[in-house]
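According to our numbering, the residues represented by the sequence shown are 1 to 114, in order.
Derived by calculation from the structure, the hints in this document are not laboratory data. Computed from a prediction, not measured in an experiment: that's the story for all the values here. Please note that a few of the clues may not be correct.
Unchecked claim - Computed list of lysine-lysine pairs in DSBU-like fashion (alpha-carbon distance at most 35 Å, straight line):
1) LYS80 - LYS32
2) LYS42 - LYS56
3) LYS80 - LYS56
4) LYS56 - LYS32
5) LYS37 - LYS56
6) LYS42 - LYS32
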Amino acid sequence: MAMQFTPQQMTGFAGYGDRTLIGNWSEDIQLKEDRLKSFVEKAERGQLLSQTIHAKVAQHTTPLSITPEHPDGYIHFDDKVVLQCVDHNGFLSVDLDDVEKVPGLPKKSDTNLR
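Using the sequences and the hints, build the whole thing.
Shown next, in the form of structure tokens:
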């Protein structure tokens, strides 16, 4: 199998200056251009990690009204509730967007719940 990179590129050799072109320099330039293009496309679509985190924080810090108690005394699907530990005065916080990270649970794309 042919090597894709020169030994200098594989070891991260930095002995040459910025203007010295070694190995697959045209591929390096193309790779940098492709990475920049991918970054710009993701930024325009709002898919950068920083944009995703900002959107999540904005959603999770928005005030929300708690669902009033139902006459039957049960919690219903899509009710907004607060669970509090009386001993420690702590509250439960759940992020349903992280369901995919739990081993053994189906991914959101695999379920048809609505």
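Taking the hints in turn, this is what the structure says about them:
1. With a CA separation close to 47 Å, the supplied pair LYS80 and LYS32 exceeds the 35 Å bound.
2. Simply put, LYS42 and LYS56 have alpha-carbon atoms about 17 Å apart, close enough for the 35 Å limit, and the pair holds.
3. Taking the CA atoms of LYS80 and LYS56, the gap is near 18 Å; set against the 35 Å cutoff, the hint holds.
4. For the given pair, LYS56 sits about 30 Å from LYS32 by alpha-carbon distance, which is consistent with the 35 Å threshold.
5. This hinted pair checks out: LYS37 and LYS56 have alpha carbons roughly 25 Å apart, not beyond 35 Å.
6. Taken as a hint, the LYS42 and LYS32 pair is honoured in the structure, with Cα atoms around 15 Å apart against an allowance of 35 Å.
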